[in-house]
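Protein sequences, first through last, are from chains A and B.
So the first sequence is numbered by this note's numbering: it starts at 1 and just counts up by one.
So the second sequence is numbered by this note's numbering: it starts at 114 and just counts up by one.
Quick caveat, the hints were computed from the structure, so don't treat them as lab data.
Note that this is a predicted model, so its numbers are computed, not measured.
Each hint should be verified, as a subset may be incorrect.
Unchecked claim - Estimated spans, in silico, between C-beta atoms of each pair:
no.: 1; chain 1: A; residue 1: 17; chain 2: B; residue 2: 133; range: 42 to 48 Å
no.: 2; chain 1: A; residue 1: 13; chain 2: B; residue 2: 165; range: 40 to 46 Å
no.: 3; chain 1: B; residue 1: 186; chain 2: A; residue 2: 67; range: 28 to 34 Å
no.: 4; chain 1: A; residue 1: 84; chain 2: B; residue 2: 186; range: 35 to 41 Å
Claimed, not checked - Taking lysine to any residue and the SDA-like style, the derived pairs with C-alpha atoms no more than 20 Å apart in a straight line are:
no.: 5; chain 1: A; residue 1: 13; chain 2: A; residue 2: 103
no.: 6; chain 1: B; residue 1: 167; chain 2: A; residue 2: 100
no.: 7; chain 1: A; residue 1: 57; chain 2: B; residue 2: 224
no.: 8; chain 1: A; residue 1: 57; chain 2: B; residue 2: 116
no.: 9; chain 1: B; residue 1: 167; chain 2: A; residue 2: 101
no.: 10; chain 1: A; residue 1: 57; chain 2: B; residue 2: 143
no.: 11; chain 1: A; residue 1: 57; chain 2: B; residue 2: 167
no.: 12; chain 1: A; residue 1: 57; chain 2: B; residue 2: 219
no.: 13; chain 1: A; residue 1: 57; chain 2: B; residue 2: 205
no.: 14; chain 1: B; residue 1: 167; chain 2: A; residue 2: 103
no.: 15; chain 1: A; residue 1: 57; chain 2: B; residue 2: 204
no.: 16; chain 1: B; residue 1: 223; chain 2: B; residue 2: 143
We put the CB at the ideal spot given by N, CA and C, even for glycine.
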Amino acid sequence: KAGVTQTPRYLIKTRGQQVTLSCSPISGHRSVSWYQQTPGQGLQFLFEYFSETQRNKGNFPGRFSGRQFSNSRSEMNVSTLELGDSALYLCASSLQDGTGELFFGEGSRLTVL
Amino acid sequence: GIQVEQSPPDLILQEGANSTLRCNFSDSVNNLQWFHQNPWGQLINLFYIPSGTKQNGRLSATTVATERYSLLYISSSQTTDSGVYFCAVELLRSNTGKLIFGQGTTLQVKP
């Protein structure tokens, strides 16, 4: 059974650009959540989707957005990139409606120059 | 908001030694997971343990929900156990997949 797949794995952008990251959950999982990991702030929750609905959002500016498609795949977008957005972005999926064990992908490492 | 504190922040062991990592949390939770972050950044599931005790090979974990702490035991440590260990919790009645992570314990196992 395939795990959580995130693309791209690595990317470099410049300030002011935008970026879209993709996440394919484990087959049958309907909940997808996103996390940002930085050396200074650690792992922080961005948002969670279930059945194409955003049910919870972390304390991030509106430049961070996401969506979920009918096949449970999810994308997150960061517009007007800032240097501080450089981070490892991790996606997790869960079988149940948000509760239960979360499984993480390998992450997308974003560098903003 | 809920606080998740892990101790110790850093731990250095000789191969073969045993260790205990601790996670304290400040509110009632309905989900608690332990992860090991590999060198490439992926969070590897170790235990899903909102309460009780589980064992998987040389690793075991215990969560005492009423006292708001969890322990991860590593026995006969190996160099491959090196890395960062995270505890993460979800608030009771949250039901939205929002995990709150501790700051992690960085473990180095020396040969």
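Hints, verified against the model:
no. : hint                      : verdict
1   : A:17 to B:133: 42 to 48 Å : holds (46 Å)
2   : A:13 to B:165: 40 to 46 Å : holds (45 Å)
3   : B:186 to A:67: 28 to 34 Å : violated (41 Å)
4   : A:84 to B:186: 35 to 41 Å : holds (37 Å)
5   : A:13 to A:103             : violated (27 Å)
6   : B:167 to A:100            : holds (16 Å)
7   : A:57 to B:224             : violated (43 Å)
8   : A:57 to B:116             : holds (18 Å)
9   : B:167 to A:101            : holds (14 Å)
10  : A:57 to B:143             : holds (19 Å)
11  : A:57 to B:167             : violated (32 Å)
12  : A:57 to B:219             : violated (28 Å)
13  : A:57 to B:205             : holds (17 Å)
14  : B:167 to A:103            : holds (18 Å)
15  : A:57 to B:204             : holds (14 Å)
16  : B:223 to B:143            : violated (36 Å)
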